[in-house]
Amino acid sequence: MQDMLELPRPVAFVLGGGASFGAVQVGMLQALSETALTPDLVIGTSVGSINGALLAADPRGAANRLSHLWMQVTRDVVFPGGPFDRVRTWRKHRNHLVASTGLHDLIAGELTQERIEDLALPFVATAMDLATGRIVHLDNGPLIPALLASAAIPGLYPPVRIDGRDLADGGVVSNVPVDEALARGAASLVVLDCGVIGMRPEVPRSLPETVAHVAAIMMRQQVVRDVPRVAREVPVVYLPGPFPLVGSPLEFVHSPRLMKEAYEQSRAFLADLEVAGPGLYGDPPLVTGDDDPRLREVRRDA
Numbered sequence: 006m007q008d009m010l011e012l013p014r015p016v017a018f019v020l021g022g023g024a025s026f027g028a029v030q031v032g033m034l035q036a037l038s039e040t041a042l043t044p045d046l047v048i049g050t051s052v053g054s055i056n057g058a059l060l061a062a063d064p065r066g067a068a069n070r071l072s073h074l075w076m077q078v079t080r081d082v083v084f085p086g087g088p089f090d091r092v093r094t095w096r097k098h099r100n101h102l103v104a105s106t107g108l109h110d111l112i113a114g115e116l117t118q119e120r121i122e123d124l125a126l127p128f129v130a131t132a133m134d135l136a137t138g139r140i141v142h143l144d145n146g147p148l149i150p151a152l153l154a155s156a157a158i159p160g161l162y163p164p165v166r167i168d169g170r171d172l173a174d175g176g177v178v179s180n181v182p183v184d185e186a187l188a189r190g191a192a193s194l195v196v197l198d199c200g201v202i203g204m205r206p207e208v209p210r211s212l213p214e215t216v217a218h219v220a221a222i223m224m225r226q227q228v229v230r231d232v233p234r235v236a237r238e239v240p241v242v243y244l245p246g247p248f249p250l251v252g253s254p255l256e257f258v259h260s261p262r263l264m265k266e267a268y269e270q271s272r273a274f275l276a277d278l279e280v281a282g283p284g285l286y287g288d289p290p291l292v293t294g295d296d297d298p299r300l301r302e303v304r305r306d307a
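Each number in our numbering comes from the position in the sequence shown (counting from 1) with 5 added on.
Please note: incorrect hints may appear among the correct ones.
Listed next, with one range per pair, are the computed distances between beta-carbon atoms [claimed, not checked]:
id, residue 1, residue 2, range
1, 276, 159, 35 to 41 Å
2, 269, 77, 20 to 26 Å
3, 160, 258, 22 to 28 Å
4, 226, 122, 32 to 38 Å
5, 269, 226, 28 to 34 Å
6, 117, 137, 29 to 35 Å
Rather than coming from a laboratory, the hints here were simulated on the basis of the structure. All C-beta atoms in this analysis are idealised placements derived from N, C-alpha and C, irrespective of residue type, glycine included.
Please work from the sequences and hints to get the whole structure.
In structure tokens form, the structure reads like this:
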């Protein structure tokens, strides 16, 4: 393993959304911790905001803390209640199925900071204004509400009202917010993507599979739109993982395997990585697995 991976500073770590597939990011952080490379700025979306907040709170100890946390997370903790509870919740509120109390308690048990400004590193949580569909970047104010807003999967979790706006999961509009990292002055980016949610080796054959597959296609369009522009200006290190991902992003039984495989693949990738100027180092996981020409233009051999 390369002991000292050097990138132009300031370095931004960008963590994408992906529900339970956020376990992939833990393995990536474990591999990064062996390089002694730490971020100057952390930007996250959805579960990437939650993982990212712990990283911003404790840059050197986050990988170890997150690995212990993710080994304990279950579906019942994050998505409490059964089918009848969800029906009752829907009838009462009409805009979500699951209360966010379990997620709130999980986050509150790990983060003692009350405000975003209290974190050790500058941190941004990406959310979406439900009324306008605009991206909202939360970089100050109460920490836990910002994380709950960024992770509020529409229809599943309740939206969070902040500064007069109803906010929901930022993954709908900016699942991997590389452009915001560039706008905030990052001279290089390290991207921890959860992979392609809903990607399947065959054509989806059920309504839930189809919805997840279409959502994955929409999320990937943001990546292939923004990454080439950013990579022409600064180095973008795109860490590998066990892609394509299979299974449900709402189940946590696969967390140990995902952490292990992401660690091994990222560790091998980082060992051979040499960064020489702007460009894309690594391969963003695309929906079809095909090489998008927009990305090929800026891809650098690692």
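Verification of the supplied hints:
Take residue 276 and residue 159: their Cβ atoms lie about 40 Å apart, and the range 35 to 41 Å holds. In this structure the hint that residue 269 and residue 77 lie 20 to 26 Å apart at CB holds, the actual value being about 22 Å. Range check, residue 160 to residue 258: about 23 Å between beta-carbon atoms, so the 22 to 28 Å window is met. Here the CB-CB span from residue 226 to residue 122 is close to 33 Å, well matched to the stated 32 to 38 Å.
A C-beta distance of roughly 29 Å is found between residue 269 and residue 226, which places it inside the suggested range of 28 to 34 Å. Checked against the given bound of 29 to 35 Å, the beta carbons of residue 117 and residue 137, roughly 33 Å apart, stay inside it.
In summary, the structure agrees with every hint in the numbered list given earlier.
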